[in-house]
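Top line first, the protein sequences correspond to chains A and B.
So that you can map any letter, position 8 of the first sequence is -2 in our numbering, and since no number is skipped, the others follow by simple counting.
So that you can map any letter, position 154 of the second sequence is 144 in our numbering, and since no number is skipped, the others follow by simple counting.
The hints are simulated quantities; they were obtained by calculation from the structure and are not laboratory data.
Be aware that one or more of the hints could be misleading.
[Unchecked claim] With a straight-line Cα cutoff of 30 Å, these simulated DSBU-like cross-link-like pairs (lysine-lysine) come out:
#1 B:Lys44 - B:Lys19
#2 A:Lys236 - B:Lys19
#3 A:Lys131 - A:Lys147
#4 A:Lys147 - A:Lys19
#5 B:Lys236 - B:Lys270
#6 B:Lys236 - A:Lys44
#7 A:Lys236 - A:Lys250
#8 B:Lys37 - B:Lys270
#9 A:Lys97 - B:Lys236
#10 A:Lys152 - A:Lys131
#11 B:Lys37 - A:Lys266
#12 B:Lys97 - A:Lys131
#13 B:Lys180 - B:Lys19
#14 A:Lys266 - B:Lys44
#15 B:Lys230 - B:Lys131
#16 A:Lys37 - B:Lys270
#17 B:Lys97 - A:Lys97
#18 A:Lys44 - B:Lys266
#19 A:Lys236 - B:Lys97
#20 A:Lys169 - A:Lys131
#21 A:Lys121 - A:Lys169
#22 A:Lys158 - A:Lys147
#23 B:Lys37 - B:Lys19
#24 A:Lys44 - A:Lys147
#25 A:Lys37 - B:Lys152
#26 B:Lys97 - B:Lys147
#27 A:Lys169 - A:Lys158
#28 A:Lys230 - A:Lys266
#29 B:Lys236 - B:Lys266
#30 B:Lys158 - B:Lys147
#31 A:Lys230 - B:Lys266
#32 B:Lys121 - B:Lys97
#33 B:Lys44 - A:Lys270
#34 B:Lys19 - A:Lys97
#35 A:Lys97 - B:Lys230
#36 A:Lys158 - A:Lys131
#37 A:Lys37 - B:Lys250
Protein chains: 2
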Amino acid sequence: MTFSVSILGCGAAIPLTHRNPSAQVVNVKEQLYLFDCAEGTQVQLRKNHFRLQKIENIFISHLHGDHYFGLMGLITSLHLLGRESALHIYAYHQLEQIIQMHLHASKTVLRYPLHFHAIDPDRNEVIMENKTVSVSSIPMKHNFPTCGFLIREHQGKPNIRKDFLEGKSLDVSDYGRIKRGEDYIDSAGKVYPNADITLPPAPPRSYAYCTDTAYDEGIIPIIENIDLLYHEATFMEDRKADAEAKFHSTAMQAASIARKAHAGQLIIGHFSARYKEMDKMLDEAREIFANTVLAEDGLSIDIHN
Amino acid sequence: MTFSVSILGCGAAIPLTHRNPSAQVVNVKEQLYLFDCAEGTQVQLRKNHFRLQKIENIFISHLHGDHYFGLMGLITSLHLLGRESALHIYAYHQLEQIIQMHLHASKTVLRYPLHFHAIDPDRNEVIMENKTVSVSSIPMKHNFPTCGFLIREHQGKPNIRKDFLEGKSLDVSDYGRIKRGEDYIDSAGKVYPNADITLPPAPPRSYAYCTDTAYDEGIIPIIENIDLLYHEATFMEDRKADAEAKFHSTAMQAASIARKAHAGQLIIGHFSARYKEMDKMLDEAREIFANTVLAEDGLSIDIHN
C-alpha cells in the first residue's frame, strides 16, 4: 500500500524557473495530504499527475509567502472545477481571515465546505486523525510562528498466516475476529490460538516535514525513528552564521538531526537560491548522515513496509 | 524606440500546464508596465527574460483570482531581492486591504515604498501619467467591478530634417528650440522657418487591454483607432449564450469590436480551458477582422512607428 512523498517545490523565498517554493504531497493509500502550498502549487500538482480534487487536507507550516501563496489559487480552482466534498486546512489562525478576505473580494461563495483548523505552532499535538493516519504538529524554531508536521500510519491489524488459511474456508466475520485478536474455533471445535495463526502487522510508516527551522534538538524526541525526514537546509556550512541569524539550518545541521533521531532516510530541501551546485551541499550532509538525498521538484520517494 | 506587448498568461479561470492565467508586460521605451498579475506571473517574467525590478507600475483589471493571485508573490520577491524604488499599484480599492493583511500576517515591512492607487472601474479617466505614456481606465461590462486599460505614448516632438543638418554644427540648445517649434537663425542672420526644417513626429502608439467583458460597443469611442487591441475571447460562437450569461465575449464579438474601433491589430485571449484547437477560434475572429492573432504565453508583439 502506497506511502510516498512527492516534492512539488523545494526552494526558499523566491520562485525560480527550475525550482518552486515549498509544497509537497504525501500519498498514503491513495489519500493525498498537501504540506505547504506555495505559488505555483496547483500547476505543479498537474505536472506531477495528481488529481487536484483528491486532496482533502492541507497543512500550512507558517505564513511566509513561500509556503502559502498558492493556496487561494488552489481553493478557487477546486471551486471552479466543481468540487463538492469538504476541504480541511490546518494553519496558523490568521490565514482564515486572509482566505475569507479574498473570497469576499471576489464575491465567491464556495460550492464545497471549507473547514479551517487553527493550529498552535508551539505545541506538539495531534491535529488531524482519520482511519489511516494521524498528523501531529512539531514546533519549529523560526523567527515566526511555525510548525512542522509528522504523519504516521495507524498500527495495522495482524496478518493471518497463509499456511493456516490453506484448505479452510473462513467467512468475513472469521477474518474480522482473528484480526481483532481472537482465537479461531473450527466446526469440529478445534481451537487455533491467535498467536499461532497470525503474523504481526507491518510497522506503521512515518514521515516528518520540518521547515522552516534553526537547528533544534528539541524536535528529536518527536521524530525519533522516523522512516523519512524532510529537514530544511537553506544554507551550506559557509553560511552557518546566516543560518543562525535567520533561524534556518545548514545541510550538516539537518543531517545531525537525522542522525540523532535515527531517521531511516533524510531529504534536504528549502535551498537558498544562491546555491547552484547542489552536489556539494549533498556531500556536506552525507558526511554526517549517509542516507541523505537532495530534494528536487518532481522527486518522489516511497516508504516501503 | 520599443513599444511591445508580451503575453505572460492568457487563460481564463484556472492555471494549466501550458497556459497561465492573465498577465502581460507592456514595454514602452524600456519601461515595463504590468497588466494583471495572475499566479505564476513572476516565474513567467523570469522565463521571458524580464527584469522584475524594472516594473514600476502594475495595473489590476479586477479582483478575480485569475487576474491577481500572483501579486503578493511578486510584491514579496521584489522586497526580498532588495528593491528600494517605489512600486505603484492601480486597482480596485479592496486590493489594498488584502495586500496589507498579507504583509501584516508575515510581519513584512517592505524595503520600498508601495503606493496603492484606487481606481474607479466605472470611469474612463487617466489613472497614471509620466513623461512617456498615459494610462487610462476603460469600464468593462462584467459581473464584477472591472476595467480595462489604455496605454498611449505622448505626442513626440518634431524631428529635425537631416538634409538641413548637413554641414551645420548646432548645439544642444539649438536642437531644443527647433524641436519646440522655433525657427533657426544662423550666425549670418539667415532665418530657416521651422516648418521647412522639421518633419512631423511619429504618431503616438497605443495599446488597449480589454478583459473581462461582455460585448460592449460602449468602449469603441475610447479605443478608436488603437494600434493594438487585446480583447478577451473566452468562448467561441458555440457558447455565445454562455458568454452573455457570464459577461464574457466570443472571438467574433472581440473581432467586431476591433473592426468597429478601426484597430490596427487584434490579439484575442482569456481562453476558456475547454478549447484545445485554437485555430478554429482564430478562424472565427478572422471572418470579422482579418488582422487577428491568438494570444499564447510567450507571444510578443511590437508596435512600430
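**Prompt:** For which of the previously enumerated hints does the structure constitute a violation, in increasing order of number?
**Reply:** 2, 3, 10, 13, 20, 25, 26, 31, 32, 33, 34, 36 and 37
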